[in-house]
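Undergrad: Next come the chains, spelled out residue by residue.
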Amino acid sequence: MLGFVLRRTGAGLLLVLVISFVTFLLLSLPDNDVARSLLGPDAPAEIIDATNAALGVDRPVLVQYADWLSHAVRGDLGQSWFTSENVGTAIAGRLPVTLSLMLGVTLLTAIVAFGLGIWAGVRRGAADRFVQILAVAGYALPGFLVTLVIVLVFAVRLGWFPAIGYIPITDSVGGWLSTITLPIVALSIGAVAGTSQQVRSAVIEVLRQDYVRTLRSRGLSTRSILFKHVLRNASAPALTVLGMQFVGLLGGAVLVEQIFGLPGLGSMAVTYTTRGDIPVIMGLLMVTVVGVVLINLAVDVAIGVLNPKARRA
Amino acid sequence: MKRTLRTATGVLALGALLALSACTADADSAGEKLKTLTIGTMTPARSMDPVDSGGGTIPYYQAVYDTLIKREPDGKLTPMLASEWNYDTAGTSLTLTIRDGVTFDDGTPVDAKAVKANLDRFRAAGAAENAQALSTKAVEVTGPKTVVITLNGPDPALLDSLSDAYGFIANPAKFGQDKPFATVPDGTGPYRLVADATMAGTVWKFERKEKYWGEQPPFASVTFYAFDNENAIVNGLKTNQIRAAVLQSVDQQIAATSGEQFTTSTQEIDLKLLNIFDRKGAKVPALGDARVRQAINYAIDRDVLVGQIQQGRGTATSQIWGTGTEGYASELDTYYSHDPAKAKALLAEAGYPDGFALTLPRLAALVPDSLAEALKSDLAAVGITLTWDDLDRVSFLTRTFREFQYPGVVMNGGQPAKDWATVSANILPKTIANPFGDTDATIQDLTGKIRTAEPAQAAQYAQQLNRHIVEQAWYVPLYRMQYLHVTVPTITAVPQAGLAVPALYNYQPAA
Numbered sequence: 001m002l003g004f005v006l007r008r009t010g011a012g013l014l015l016v017l018v019i020s021f022v023t024f025l026l027l028s029l030p031d032n033d034v035a036r037s038l039l040g041p042d043a044p045a046e047i048i049d050a051t052n053a054a055l056g057v058d059r060p061v062l063v064q065y066a067d068w069l070s071h072a073v074r075g076d077l078g079q080s081w082f083t084s085e086n087v088g089t090a091i092a093g094r095l096p097v098t099l100s101l102m103l104g105v106t107l108l109t110a111i112v113a114f115g116l117g118i119w120a121g122v123r124r125g126a127a128d129r130f131v132q133i134l135a136v137a138g139y140a141l142p143g144f145l146v147t148l149v150i151v152l153v154f155a156v157r158l159g160w161f162p163a164i165g166y167i168p169i170t171d172s173v174g175g176w177l178s179t180i181t182l183p184i185v186a187l188s189i190g191a192v193a194g195t196s197q198q199v200r201s202a203v204i205e206v207l208r209q210d211y212v213r214t215l216r217s218r219g220l221s222t223r224s225i226l227f228k229h230v231l232r233n234a235s236a237p238a239l240t241v242l243g244m245q246f247v248g249l250l251g252g253a254v255l256v257e258q259i260f261g262l263p264g265l266g267s268m269a270v271t272y273t274t275r276g277d278i279p280v281i282m283g284l285l286m287v288t289v290v291g292v293v294l295i296n297l298a299v300d301v302a303i304g305v306l307n308p309k310a311r312r313a
Numbered sequence: 001m002k003r004t005l006r007t008a009t010g011v012l013a014l015g016a017l018l019a020l021s022a023c024t025a026d027a028d029s030a031g032e033k034l035k036t037l038t039i040g041t042m043t044p045a046r047s048m049d050p051v052d053s054g055g056g057t058i059p060y061y062q063a064v065y066d067t068l069i070k071r072e073p074d075g076k077l078t079p080m081l082a083s084e085w086n087y088d089t090a091g092t093s094l095t096l097t098i099r100d101g102v103t104f105d106d107g108t109p110v111d112a113k114a115v116k117a118n119l120d121r122f123r124a125a126g127a128a129e130n131a132q133a134l135s136t137k138a139v140e141v142t143g144p145k146t147v148v149i150t151l152n153g154p155d156p157a158l159l160d161s162l163s164d165a166y167g168f169i170a171n172p173a174k175f176g177q178d179k180p181f182a183t184v185p186d187g188t189g190p191y192r193l194v195a196d197a198t199m200a201g202t203v204w205k206f207e208r209k210e211k212y213w214g215e216q217p218p219f220a221s222v223t224f225y226a227f228d229n230e231n232a233i234v235n236g237l238k239t240n241q242i243r244a245a246v247l248q249s250v251d252q253q254i255a256a257t258s259g260e261q262f263t264t265s266t267q268e269i270d271l272k273l274l275n276i277f278d279r280k281g282a283k284v285p286a287l288g289d290a291r292v293r294q295a296i297n298y299a300i301d302r303d304v305l306v307g308q309i310q311q312g313r314g315t316a317t318s319q320i321w322g323t324g325t326e327g328y329a330s331e332l333d334t335y336y337s338h339d340p341a342k343a344k345a346l347l348a349e350a351g352y353p354d355g356f357a358l359t360l361p362r363l364a365a366l367v368p369d370s371l372a373e374a375l376k377s378d379l380a381a382v383g384i385t386l387t388w389d390d391l392d393r394v395s396f397l398t399r400t401f402r403e404f405q406y407p408g409v410v411m412n413g414g415q416p417a418k419d420w421a422t423v424s425a426n427i428l429p430k431t432i433a434n435p436f437g438d439t440d441a442t443i444q445d446l447t448g449k450i451r452t453a454e455p456a457q458a459a460q461y462a463q464q465l466n467r468h469i470v471e472q473a474w475y476v477p478l479y480r481m482q483y484l485h486v487t488v489p490t491i492t493a494v495p496q497a498g499l500a501v502p503a504l505y506n507y508q509p510a511a
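Chains A and B are the protein sequences, given in the same order. For the first sequence, our numbering gives the first residue as 1, with consecutive numbering after it. For the second sequence, our numbering gives the first residue as 1, with consecutive numbering after it.
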């Protein structure tokens, strides 16, 4: 198991390095006149040149990358070109918002999707068809449309939740719940659709296995078979999907954070990317890629624990 | 059955918890809400350093800094940190008297030295609004409370600049530090930044100081929320989380006002226009001929643009001067009425009977699909083939305003409230609107006269210059966009002359 974890960690580090290099190169294409973007069209050329020199973007790209990397490995992600904020601090300030969102969605998805998937897989018939219709609807509805409708109905019309903003959990648990509930629900719909189908298929597949028939013939209760044997085997593919969806949620978070005006990493990524603020973009990228590597590692380890055969793969 | 009951109970309990938290928050803040101002904006402040201020971010800075001169909503200038000011007879030397009894937070008095240090820093720092200080030759301290600004030549816009970015006064004690005010402002303004509740670029929160040298502001706190879409702002308005905003998008203006009880007022400030850079025809020879530029003006059906794209929210115009200026002439709004036949005749006369090809950069945020298509088809109707180069924001700025790869650009232009500001931003050589330094004898003569003449006389010259620019078709103005100021009923906001956003001082609790 340790060897497996070490191999995966090594591959993850290599991935981080390659992605950071390629992204830095792409961001530093000649078109990227940072100072012009910061100071606007009115600024005189000499001030633009001086600002570019002060930011160090007039140096060769490889030198800039080496400089950035040497600081990054020491934990210094630099300063935002746009707001002068420390990038690490800026990301740390916004991370709780996106993490709240992603963890909430994953938890809600796990509970609802596993529940629906098992129900459909075990009951089959009408229950199965009902869940399948729900899943297709969840897939088919465009995320932004669902989000906009949710805001309009539950925040604007009914006034049950705030339409925008975020209250940190440290300030008020109730406030945090009220600001995060609608975004979580909005993001969960697509995730539940995908995961519930995966759980359903896995449950049906496992229920068809010979050993389940054997267990049944020995008189074990359905509940016991389901929770002790079927779920253990069916959870591996479902966990993989859940892990992938956690990563994919970052994309969905961009949209939801913009619509709900949440100050998270998603909206930050959009705002700073359009400004060409390389230190912030690189910082966000590092946090995201490292997060993805860690999540994949965690999913692999979890599957290994649940299913010892997987460790040898 | 039991499980169903348990689940239902759980759901109800969660609902009750949320409802309770919402009620508690409302009860706690019901009274407080009347004292708070939350402004939704699409313009984030880069930092709290005055050298980064300008345009739509000015109100952020007004919370923590005072300007030397105050600009009232109608554009009238009144004393602020400068209690008096006088020009010499040549108009090239401005003497400012600094108000007594104003101190920075650390107790240091605001004096002539502090003012000079700020004005010098603004010019040296490469400020975003650097153009405001271009006429300044030197700043001199002539007494403990007296500063003299010597100019390269008369600058009728200087006093306005001193009520804007150039006029913000920060504590010079911090000037030596690296990015001294980025997230820690230090001025004499009525509010102080609440660092814990602030996230640079996204949320800036300010609380009223206990002591302020001037009149205490009416709101206990002011929070600016920066969004990248107006949809979130409108949702915030409808749930009373945002209490004031200026909406630019026609769709969002309609969404905000449909069935809601907001206090609204409209303002036409920004101009949508095709700015022709290439008036000498260096890139597209045809554009060097005034008749071709006039033809483009005649080819565009502005009424359709206003009626269909702006849904009637705006005014078609052929001039770049704003309605609040002395140089504005209402008849010039309709100087180029839609006349494709005349456009074709002018093109033929100029030697382009079959038209010509024109490629322009396009940033979708500035030129939406509907406008892009309308302009393309209007020009095609007279033989001009317009091709759009779709660009991202950074490439757009770089290729258009640094490398000048295109012969012009469709953009939003501000409409200052003063003639000289219009002239210096749009007509003088080497400005953003005139990057290749075009001019002619009439322009040189009239700009010189506007700069030095008495106000009544200057107004006449400004009108003459406006007409000349329209006749020469330097620009293809399309329409003045209508912005909607929206506030909740408990707050009023008075639009600011010459600025697309109200000054912070313009917000008041409703009577």
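Keep in mind the hints are simulated off the structure, nothing from the lab. Virtual Cβ for every residue (Gly too), placed ideally from N, Cα, C. There may be inaccurate statements among the hints.
Per label pair, the in silico range of CB-to-CB distance [said to hold, decoys possible]:
1. Val136/A <-> Gly281/B: 54 to 62 Å
2. Ile19/A <-> Thr142/B: 44 to 52 Å
3. Glu373/B <-> Thr170/A: 47 to 55 Å
4. Ala220/B <-> Thr274/A: 50 to 58 Å
5. Phe175/B <-> Val153/A: 51 to 59 Å
6. Thr240/A <-> Asn229/B: 33 to 41 Å
7. Asn229/B <-> Val136/A: 27 to 35 Å
8. Lys174/B <-> Ile169/A: 33 to 41 Å
Computed footprint of chain B on chain A, listed as stretches where at least three residues anywhere in the stretch have a Cβ under 8 Å from a Cβ of chain B [said to hold, decoys possible]:
9. 35-41
10. 84-94
11. 158-164
Undergrad: Hint by hint, say whether it matches the structure.
TA: Outcome of the hint check:
no., hint, result
1, Val136/A <-> Gly281/B: 54 to 62 Å, "holds, 60 Å"
2, Ile19/A <-> Thr142/B: 44 to 52 Å, "violated, 60 Å"
3, Glu373/B <-> Thr170/A: 47 to 55 Å, "holds, 50 Å"
4, Ala220/B <-> Thr274/A: 50 to 58 Å, "violated, 35 Å"
5, Phe175/B <-> Val153/A: 51 to 59 Å, "holds, 53 Å"
6, Thr240/A <-> Asn229/B: 33 to 41 Å, "holds, 34 Å"
7, Asn229/B <-> Val136/A: 27 to 35 Å, "holds, 30 Å"
8, Lys174/B <-> Ile169/A: 33 to 41 Å, "holds, 35 Å"
9, 35-41, "holds (count 6)"
10, 84-94, "holds (count 5)"
11, 158-164, "holds (count 6)"
Hint compliance for this structure: hints 2, 4 are not met, and every other hint is.
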